[in-house]
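*Asks:* If you read the sequences in order, they're chains A and B. Counting in this note's numbering, the first sequence runs from 2 upward without gaps. Counting in this note's numbering, the second sequence runs from 284 upward without gaps.
Don't read these hints as lab results, they were simulated from the structure. Among the clues, some could well be false.
[To be verified] Beta-carbon label-pair distances, calculated as ranges:
(1) A:Asp-246 to B:Lys-326: 26 to 32 Å
(2) A:Pro-199 to B:Glu-290: 47 to 53 Å
(3) A:Ala-40 to B:Ser-356: 45 to 51 Å
(4) A:Gly-183 to B:Asp-320: 29 to 35 Å
(5) B:Thr-289 to A:Gly-223: 54 to 60 Å
(6) A:Pro-66 to B:Gly-298: 53 to 59 Å
(7) A:Asp-28 to B:Thr-422: 39 to 45 Å
Beta carbons: idealized from backbone N, C-alpha and C, even for Gly.
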Amino acid sequence: MARRGRGVGLTLMTWGPIPPSGGPHRDRYLEANGRSALADADEHYAIALGMLGDLAASIPIVHSPLTKPDRDARRAIQQEKAREWAAFNEVVPDEIVEKLAPHIMRSENSAVAAFNFLEDHELAETAHAAIHRAAFMRSGFTGCAVYIKNDGVWTRCSMQIHQIRVGASVGIESDFECSICGLLVEDCDVHMSGLPYPKIAAKTESGKCNICDADTCAHEVGKSYEVIAYGNAKNIKMGEASIVDRPQYPMARIHEHELDFGNLREQHDLVANIERGEIQCQECLGPCEGLIDFRQWMPRVSRKDLSIGGAG
Amino acid sequence: MAARITENEWTPLEGALPATTSGDTVYVIPTRLPVRDDDEDDKLPRYTDQMRYFPKEARNAAPALPVEFSMPSGSRKFISEYSIDPDMWALGLAVLTLSNDWLIFVTQSFIDMRARAQGWSPEEAQELPLKVSIVETKTSRTVEIEGKGSEVIEALRELKAKNSGGKPIGKK
Numbered sequence: 002m003a004r005r006g007r008g009v010g011l012t013l014m015t016w017g018p019i020p021p022s023g024g025p026h027r028d029r030y031l032e033a034n035g036r037s038a039l040a041d042a043d044e045h046y047a048i049a050l051g052m053l054g055d056l057a058a059s060i061p062i063v064h065s066p067l068t069k070p071d072r073d074a075r076r077a078i079q080q081e082k083a084r085e086w087a088a089f090n091e092v093v094p095d096e097i098v099e100k101l102a103p104h105i106m107r108s109e110n111s112a113v114a115a116f117n118f119l120e121d122h123e124l125a126e127t128a129h130a131a132i133h134r135a136a137f138m139r140s141g142f143t144g145c146a147v148y149i150k151n152d153g154v155w156t157r158c159s160m161q162i163h164q165i166r167v168g169a170s171v172g173i174e175s176d177f178e179c180s181i182c183g184l185l186v187e188d189c190d191v192h193m194s195g196l197p198y199p200k201i202a203a204k205t206e207s208g209k210c211n212i213c214d215a216d217t218c219a220h221e222v223g224k225s226y227e228v229i230a231y232g233n234a235k236n237i238k239m240g241e242a243s244i245v246d247r248p249q250y251p252m253a254r255i256h257e258h259e260l261d262f263g264n265l266r267e268q269h270d271l272v273a274n275i276e277r278g279e280i281q282c283q284e285c286l287g288p289c290e291g292l293i294d295f296r297q298w299m300p301r302v303s304r305k306d307l308s309i310g311g312a313g
Numbered sequence: 284m285a286a287r288i289t290e291n292e293w294t295p296l297e298g299a300l301p302a303t304t305s306g307d308t309v310y311v312i313p314t315r316l317p318v319r320d321d322d323e324d325d326k327l328p329r330y331t332d333q334m335r336y337f338p339k340e341a342r343n344a345a346p347a348l349p350v351e352f353s354m355p356s357g358s359r360k361f362i363s364e365y366s367i368d369p370d371m372w373a374l375g376l377a378v379l380t381l382s383n384d385w386l387i388f389v390t391q392s393f394i395d396m397r398a399r400a401q402g403w404s405p406e407e408a409q410e411l412p413l414k415v416s417i418v419e420t421k422t423s424r425t426v427e428i429e430g431k432g433s434e435v436i437e438a439l440r441e442l443k444a445k446n447s448g449g450k451p452i453g454k455k
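Isolated chain B (complex conformation) (with noise of 0.2 Å):
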């Protein structure tokens, strides 16, 4: 089964994207509101816990990938839920243009972050269920892809492939 790609039906919370983005850096976008809408001065989104060590992973595996939080250090506030995990996990992303040679990496270094977090091999992470949203800060288009791991990894190939006008890498 091929991933669920939707194009332009959702839109990032306000202040969730960078003030500035770079050519090919990947940011890490937060994808949820304050626990409480009591404080009318904090209105910022917020990361889920499981973002805090993410780009920090994700450098530590591939030092010189350019992976960073959207937020500035200081202004970013995590939200730690204690139910279990949702079976799918969720990545907010930002960057310049979708044909940026990150993504990719990026996404797979999250489906491997969750291997190493919850013990799967790396084969059964692939085939667990994410959704990844992308906001694309040139034009303000936006993407989400679902499904499993590895699926979603092909429709990026596939989008990257598309929005670089060229045919997508493994097909003829």
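Same shape as in the complex, but just chain A (with noise of 0.2 Å):
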């Protein structure tokens, strides 16, 4: 049987408002989000870095970005920083490892939620190295290992996904009912989203209350209360997804990707290995390569391999 393409797993949507769409309401709500990514980025590799002590001095440094993809030179870097690492953490006590693992988890995924927002910023190569940076130290310390899914084996290493500059569009179809009298929101030409109307406090068929959807909570039945118009999503129909390179929603990404091993059925030790968590991706260990846009990535793969994820 011929082997198919490599896979990627999308994220459609995230939850919360609907980001805006364009304009500069967008570029506020951008800009604003990929701030404080960012600075929650620094702040806890900060706090990483100061977990070491006098230790963090002596810490491996992240490579520079290569001039050009060279493939061979990545390898023998990685492997020279892999060096590197093994004797750093020689010197490191586990706890402090065990402790300082959150933040810098937490850094690497702030990094890329803000590459993600940032991306058409000045702030993007800023966002960039902070990737590079969280996620060079997090596979120092800890690794990065890979798994197994649907015959292949995969990665979520933010390194290798951040780079690839795709998104995800999901077209949908649905109705919205007007949160204050139930109507079709194009129908009620009373009620405008985003404005406070009084509302009296019910119970809905299922129990819970019409003001703030909880089962119990401290509104009164039959009591006024001033509550904020939207619309509420009815009715949803899934459509189709797309891959475009600026989805309305910055964190609708790649979140993991399979990697390329061959047939795993004739490699039994191979798959015994990375079951054991034994098989390390390191390439957060090597430098940049540059980023992968829209136009050079979609020829790599087929719609047929996409692995669409949930709301993330």
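Combine the two chains into a complex, taking the hints into account.
*Replies:* Next comes the structure, spelled out in structure tokens:
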């Protein structure tokens, strides 16, 4: 049987209000969220570094980016950095690594978020460097185990994934009901989304409060409360998911992808090693090779390879 | 630069037009096909999500404004697509005749809605690209106007004057 192409897992949407789709509102939304994520990335990196005390002075340093892609040069640097980390880990007590690991993971995740928000901003390169910085430390201390899924070997390595600058755009058909009167929002001329209106508290058919949607709360049935009008999505019908270069949800991106390990059915030892968590991806230890944009990436993957993740 | 105007090169989707057209009403028509093409029983055209609030917002800004959806409540469907917006927003309209007094006002309301939705100043919004596709139901004639918002409004003024048999407003 012919080997299928390599797969990717995509996050389609994220919880919370729908991000602005364009214009100055979107610019402000991206900048505010991006700066906040970047500050979080910096803060937790500093905490992790601080936990090392005097040892921080001798921590291995991220190699500067390559001027052009060169797999051999990159692999050699990766191996050298792996040796540096092995030596460094000899002198760092395990309990310190245990304590700093959550901070460095958070720094990495926040840096990825910051880059997704700020990719068209003057801080893009700062956010990009923050990913490499945190991923390098995380990989050096705790490694980056790959895993088996769908007969393939997969990774969630942010260092590899953030380089692929594509996102997901999902097409959805749905109705929106006015949260105040229950009419379809397009038929309700009275309540404008985002403005406050009085609403009488009641229990819904499922027994929840119609003010706050909680099972139990302090709202008294029959009493009027001021609430903000919004559209409540109903009858949602998923359509297609498209790959785009700028998703409306900045975090609607690839969250995992498959590595090329050939046919696993013929590699029992490898599978056993992976299942024991012994196979590490060390890409994070190597230098940046640049970003892959929508046009460069699309020819490498076919629609059937996309494994679609839900709201994350 | 003037707006680009084409006549009778565009055809509205089947099922997009209102069942009946009242004299001065401007109908917002759907311009998209369903996102899935596997349902043979549901081929009705869809509105883009931008349109969901448009007639309501336009009426809210001017309560007497005769603007409504071409499809009746309960039959309308909307597509939400979550990539960033295209630079050019598009508006599909149907009117009994192109001399309709409200075409310009409705189009301006659409530009104003974009300004509010995306945070542009009114002046900035006038400079954003816009495409308005109009069907004259009396004759089945279609017109598409494409350009900056201000250019489209100017083209609509000239179109109205031409179809009313008079001189364009603001022209000597």
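*Asks:* Hint by hint, note whether the structure agrees.
*Replies:* For each hint, the structure was consulted:
1. For the pair Asp-246 of chain A and Lys-326 of chain B, the supplied restraint of 26 to 32 Å holds, since their beta-carbon distance comes to about 31 Å.
2. For the hinted restraint 47 to 53 Å between Pro-199 of chain A and Glu-290 of chain B, the CB-CB distance of approximately 50 Å keeps it satisfied.
3. Checking the proposed 45 to 51 Å range against Ala-40 of chain A and Ser-356 of chain B shows it holds: the Cβ atoms sit about 47 Å from each other.
4. Here the CB-CB span from Gly-183 of chain A to Asp-320 of chain B is close to 32 Å, well matched to the stated 29 to 35 Å.
5. Range check, Thr-289 of chain B to Gly-223 of chain A: Cβ separation about 59 Å, and the 54 to 60 Å hint holds.
6. Judged by the Cβ atoms, the range 53 to 59 Å given for Pro-66 of chain A and Gly-298 of chain B holds: they are separated by roughly 55 Å.
7. Separated by about 44 Å at the C-beta atoms, Asp-28 of chain A and Thr-422 of chain B satisfy the suggested range of 39 to 45 Å.
The structure is consistent with each of the numbered hints, conforming to all of them.
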